[in-house]
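So the chains spell out like this:
There are 4 protein chains.
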Amino acid sequence: MRDFRSDNTHAASPEILDALVRASAGTMTSYGDDEITARVRVRCAELFEHDVDVFPVITGTSGNVLAIAAMTTPGAAIFCHTDAHIVVDELNAAEFFSGGAKLSPIAGANGKLDAEALARAIEENARDGSCVSITQATEAGTVYRADEIRALCDVAHGHGYRVHMDGARFANAVAHLGATPADLTWRAGVDALVFGATKNGALAVEVIVVFDRALATALGPHWHRGGHRPSKMRFLSAQFEAYLADDLWLRNARRANALAQRLAAGLPDVLRPVEANIVFVRLAPEAAASLQEQGFLFYDWPVFGADAYRLVVGFDSTEEEVDALVRAIEVARNKS
Amino acid sequence: MRDFRSDNTHAASPEILDALVRASAGTMTSYGDDEITARVRVRCAELFEHDVDVFPVITGTSGNVLAIAAMTTPGAAIFCHTDAHIVVDELNAAEFFSGGAKLSPIAGANGKLDAEALARAIEENARDGSCVSITQATEAGTVYRADEIRALCDVAHGHGYRVHMDGARFANAVAHLGATPADLTWRAGVDALVFGATKNGALAVEVIVVFDRALATALGPHWHRGGHRPSKMRFLSAQFEAYLADDLWLRNARRANALAQRLAAGLPDVLRPVEANIVFVRLAPEAAASLQEQGFLFYDWPVFGADAYRLVVGFDSTEEEVDALVRAIEVARNKS
Amino acid sequence: MRDFRSDNTHAASPEILDALVRASAGTMTSYGDDEITARVRVRCAELFEHDVDVFPVITGTSGNVLAIAAMTTPGAAIFCHTDAHIVVDELNAAEFFSGGAKLSPIAGANGKLDAEALARAIEENARDGSCVSITQATEAGTVYRADEIRALCDVAHGHGYRVHMDGARFANAVAHLGATPADLTWRAGVDALVFGATKNGALAVEVIVVFDRALATALGPHWHRGGHRPSKMRFLSAQFEAYLADDLWLRNARRANALAQRLAAGLPDVLRPVEANIVFVRLAPEAAASLQEQGFLFYDWPVFGADAYRLVVGFDSTEEEVDALVRAIEVARNKS
Amino acid sequence: MRDFRSDNTHAASPEILDALVRASAGTMTSYGDDEITARVRVRCAELFEHDVDVFPVITGTSGNVLAIAAMTTPGAAIFCHTDAHIVVDELNAAEFFSGGAKLSPIAGANGKLDAEALARAIEENARDGSCVSITQATEAGTVYRADEIRALCDVAHGHGYRVHMDGARFANAVAHLGATPADLTWRAGVDALVFGATKNGALAVEVIVVFDRALATALGPHWHRGGHRPSKMRFLSAQFEAYLADDLWLRNARRANALAQRLAAGLPDVLRPVEANIVFVRLAPEAAASLQEQGFLFYDWPVFGADAYRLVVGFDSTEEEVDALVRAIEVARNKS
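Protein chains in written order, with our numbering: chain Z, 1 to 336; chain F, 1 to 336; chain S, 1 to 336; chain W, 1 to 336.
No lab work stands behind these hints, which were simulated from the structure alone.
Just to be clear, a hint being listed does not mean it is correct.
Some, not all, of what chain Z presents toward chain S, calculated at C-beta under 10 Å [claimed, not checked]: (1) Tyr31; (2) Gly75; (3) Ala94; (4) Phe96; (5) Lys102; (6) Ala121; (7) Asn125; (8) Ala126; (9) Arg127.
We treat Cβ as the ideally placed atom computed from N, Cα and C, and that holds for glycine.
Turn these sequences into a full structure, and let the hints guide you.
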């Protein structure tokens, strides 16, 4: 079986597993007041060149919606892309945690919000206490450049709205762009980043990185009240510490990105620019069925067309797996 | 430093860490549709002698409040002990997830709800769609016998209410009583158990064990919407599988319970029956201060009296640590 | 000043004011257990030819969202038209009261949901515990026939979803169609109707008419907990009793509908079928400005086009006002 | 039948009914932007000698919980008396609207919070973003003096908490004390008052009077999202305008208070100081039953003792009714 379903079907980096074993020594203060969490904060501040607060959580959903809840008030809208994870996959979590903020999805090519479209959507539905949510890399496997993020943040801030970045694949975006984490976040106007690790080698940890003290203060009780503050926090923080150590996060992401490029290079009918670790491809249904019978696992993606399929490369996928898929697609296409 | 602050300051069992490493092999379906989670369900059904649904989560808070949310309707009350974790420690999580159910705390000796007091409290404040929440072992380190649980459940069911059991220290209770898990849960009337592992050797996992299909169906969307359904579920389930394997859960609990007995046996002025891994003791403030200066870590417990202190033994605490504390207390008491 | 802004800028029917004075005699049981509310229930059961429960409330928003909250579960979607009041005007009330149900707006000509489009939308986003919300008359001033309602309800019920009808202008729809209230509601599959009176002659009352006992039981605590159950309920119920007496509701609606027809007949460029008391018209901006300078009050309606305007006729509008507007529009158009 | 059940079983003042008829003339801007609501704001500012924002609502419950929701953050507690309406009667509305704030009830003699007990309760359970809620007059029919209110507000403000006053019977308190509305509210530290009219002659209106602009800004969206902002607001505001005109509010309250004094003067075994329009009395159960058979309506009040009963005098109760009750009680007591 060769698995291209999602990055979250993949295993964990050995470095991160080792860190868990090391972290399990002796006793440590619970609920995040431990030394490992403190080190994660310092390390994030260095990496982002900015004072930060950090809130480790176990799911991207919780990271996203806790940050959004802390950014919005009762009458709020959440402006975001129609394909955003918070719209499609999180089963009303954003509405629930925010006490009912209304998702205002905006269409945009290649999974990306456009600053003009955002400005129009806000004008049609301006509400105090709203926020804008950006996904980096996007659900379409594309990446926002720093200037694109800034344009979006400028629109948001012009209305007094804060900006949340869903960074489930932030590492892939940084790896692709070669920009600094700072340039892609607070320097461009992002107020809080959910810095993903789970899809890129961790067992289960994302860190909400908050660039603004007032926002961090508001976020604290959401975190605890949401049941998202584990008592043995060290075991979340240890994963993230290992993730940042020796650029593991970048190495894993670069590897997955490179494999995605290798995969795309071997395929005709690639449907979206390949800028992260995801390739969307058009396939005849019989070709797709044949591939799945051969043990290649992947999902159809009808939102991109009736014959669209998504191929996700994991941080631990191999060149062999990618090349096998390329060959199998070639064979299947020739048959059909 | 010798740490008696809480079981959640302690490390993880090597068996459980090993299981994580083993679980990190190849790809696996995400969001709980993996084979390890399936095995945990089967194993729980065997252990509880009953068909069950299982919902792994990362915190006791989330387990408790998701189960309670699935059991209650908008006008509901949550009848529970005044010292319950959901009242004291979870920062409005029960109110939030249930959409505003009102906590109705009831006093009771030794941390235990009494069936008569429960009946009175419900009569004074009967509301459709309410629930009763029991903590086993209690926050006072005591344990409900099966007949006591049945008496409480009978009162609850007589009003059409469901019963939730906060089992953060369920293992310690089973170890103390020698009763079967079935006798202490569904056979006595419990509808859902939050079966804790974090305090007893896991890194971070509790499993909501649901004995009723309709309740499980209601719980599913709460779980996902709450951001409490991790994508790489295998890493939660693997912890729990190792926890149940070879009775690790019972061995750890027995060990901690025995050390608590050893500790209590060496102390005068023990304030509550010692039936789990917690000892409450009266100490002169100067004695307590002196102990803390010597590197013994523990919390004062003013709710049990101005000079009350809580001593928690971890699954990995040692006889040496316990004996050292006993001796140090003896010395400190003689001085003061 | 001649006011075509909304039906809710208009006054109250003298019959309804008289009923308030009559209701203010002696004491009466509070919170809805009074004799007037009991009579409203009986009267509604007669009118709808079905046993019903009734929940008087003071706003259409509260009526809508309480009914929807009682119909949905945590993971739910609310399928409705893109122009629905619950989407556009109620500031997240549906999301809030339902604990975060996600609005799933569906486009449709003339303000109406189409059964096929509804079926597609549900298929793309099926979720247990969802509901469908229909507006009768629609926000576009059009009206669903009984068979159209049935087609929508059949789709909903096929998925196990309940159906809510926002009947802020239900009277106008009944008056237009000449069908029975029963045929337009439960016989077609509607589970709960928010039967509006405020826009059609009351001071402030809508009644949630529930055709299903289980739903009514679920709704009760939402009603009270929402702060929407006034203590002196008789003063809401008395309004509604007078509204139903001697067909005042139909007489008021027929009058407003007829005036809308009269208005539309005098205008070119009517944008939507006129089936209730609302006329949408295309006007040159200078013409619109000129009319407003002359004291005609009305709103632009950009969602129907840059030069679209909405003209609403009240139950107490006059032929003189309508004719004056027709003439003024004619003059303004000739000028521009 | 002579009705002493509650002030909300009573009718409406003729002056207020007249005002409704007068308000029903011509069209008027909806949702509170009408001239009557504007006048109510001006009149409240004069009465309270302070700039204010006003939010008319139809129930005391909604007024209380909207104000509290605007004052609290996710981790909050609501410190209040154990007998407070928000604890006993509002079915989780405070928890729901605040997104789960935890009620922290505090016992206190004669229905009153004591500043020292409040300080202790807050110290035991301090949480950022909490609030204190005071009821004036209290549920025990007693009244806080200005200095008592100030002492409570000082404690609250010392923790950065805001103060809400449930003024369902504020008029009765002002009438009893002869103090100015300003002295009993903002001058003593109250941030928002729910100024009741329903229990004292209105059909159904309370006005949230907010003394702080930032709080008013926060409250606005709660009001609308809660479905508590009626479209034909003029009919709520007209009630309140008439209530304030010519001191109707004070005249009604003085009348009810005087009748309560007259009632208490005729009774032995009065259980609480009579400072508003409520008298608590001890009665033998047979005496109570006999009175009820004679057509006197009133409730037992077990929270004040097994043989405690509550007698509420309405603004439109009569001396004859009161005297008849006094005589009947005398007769009933002699018999038993």
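Exercise. Return the status of the interface hint for Asn125(Z): holds when the least beta-carbon distance to chain S is below 10 Å, violated otherwise.
Key: holds, 9 Å
Practice problem: With chain S as the partner, please determine if Gly75(Z) meets the hint condition of a C-beta pair closer than 10 Å. | Solution: It holds, given that the least Cβ distance between Gly75(Z) and chain S is near 5 Å, below 10 Å.
Exercise. Answer holds if the nearest beta-carbon of chain S is closer than 10 Å to that of Lys102(Z); otherwise answer violated.
Key: Holds, about 5 Å.
Quiz item: Quick one, is the Phe96(Z) hint okay against chain S at 10 Å, beta carbons?
Solution: Status holds, d = 3 Å.
Quiz prompt | Ala94(Z) as chain S interface residue, shortest Cβ-Cβ below 10 Å | solution = holds, 8 Å
Quiz item: Hint check: is the beta carbon of Ala121(Z) less than 10 Å from a beta carbon of chain S?
Solution: Where the cut-off is 10 Å and the nearest Cβ of chain S is about 13 Å from Ala121(Z), the hint is violated.
Quiz item: How about Tyr31(Z): closest beta carbon in chain S under 10 Å, or not?
Solution: Violated - the Cβ of Tyr31(Z) stays beyond 10 Å from chain S, reaching only about 27 Å at its closest.
Exercise. Report holds or violated for the interface hint on Ala126(Z), using the least CB-CB distance to chain S and a cut-off of 10 Å.
Key: With a closest approach of 12 Å, the Ala126(Z) hint is violated.
Quiz item: Is the shortest C-beta separation between Arg127(Z) and chain S less than 10 Å?
Solution: With a minimum Cβ separation of about 8 Å from chain S (threshold 10 Å), the hint on Arg127(Z) holds.
Of the hints listed earlier, those the structure fails to meet are numbers 1, 6 and 8, in rising order.
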